[in-house]
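Keeping their order, the protein sequence lines are chains A and B.
Here my numbering is used: position 41 in the first sequence is 1386, and no number is missing along the way.
Here my numbering is used: position 103 in the second sequence is 329, and no number is missing along the way.
Calculated from the structure, these hints are not laboratory results.
There may be inaccurate statements among the hints.
Unchecked claim - Covered by chain B, according to a simulated footprint, are these stretches of chain A (three or more residues, beta-carbon under 8 Å): (1) 1363-1372; (2) 1444-1452.
Stated by the list, open to error - Pairwise CB distance ranges, derived in the manner of DEER restraints: (3) B:K282 x A:T1350: 24 to 34 Å; (4) B:M281 x A:R1408: 36 to 46 Å; (5) B:P265 x A:D1385: 15 to 25 Å; (6) B:M281 x A:L1384: 31 to 41 Å; (7) A:T1445 x B:P265: 19 to 29 Å; (8) B:S233 x A:T1445: 21 to 31 Å; (9) B:G266 x A:D1385: 16 to 26 Å.
No experiment lies behind these values; they were computed from the predicted model shown.
The C-beta atom is built at its ideal place from N, Cα and C for all residues, glycine as well.
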Amino acid sequence: DSGVTQTPKHLITATGQRVTLRCSPRSGDLSVYWYQQSLDQGLQFLIQYYNGEERAKGNILERFSAQQFPDLHSELNLSSLELGDSALYFCASSVTSQETQYFGPGTRLLVL
Amino acid sequence: GEDVEQSLFLSVREGDSSVINCTYTDSSSTYLYWYKQEPGAGLQLLTYIFSNMDMKQDQRLTVLLNKKDKHLSLRIADTQTGDSAIYFCAETPRGNYQLIWGAGTKLIIKP
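Pulled out of the complex, with its shape left as it was, chain A reads as follows:
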């Protein structure tokens, strides 16, 4: 157990819908990262927050957004969902921006 928690574990929804994925980092970690793992694209970095502020952006679509709250938990919002958004979404956390990242168990999203 890495200490990073993610909810929900599984999510099934329809195209055009909006969902929110939640992540709680390890105690003491200030940085949160979101990654997408899909069969065709592999693992891709989406976005990083550090102590409430966006720090880096990767291959995140405009339909997706994220935030980190004062208690350091983070949410990833996915809207206007498409079939191709079906994937495993991982959250990771680290103490600072350049420390080792520990991953949560992931949220498996299926868009029908």
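Since the structure of chain A is already known, use the hints to place chain B on it.
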């Protein structure tokens, strides 16, 4: 640009050593990582090596880094059935906070 490459499959006999290889392109990488993903599970950090090191050993795991060739390897001694998983190599290029991932090597254990 940044790129990390791994072979997709490796098959070994139980009890043998497994060697999973990875090449990367960014010579400014500060840390290089090995993560393990079991079927239906998340990503578990196995080990990592700082770019100024050549080797790191942790129980059955040995990481070798050849900076000149930009080659990283993970050796698993006495491979067990529980080692069946996909192993991902990842790097953090200097000044960059994101992990750049290889495609993952699926380790298959033969009895």
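Hint check, failures only: Hint 1 contradicted; others consistent.
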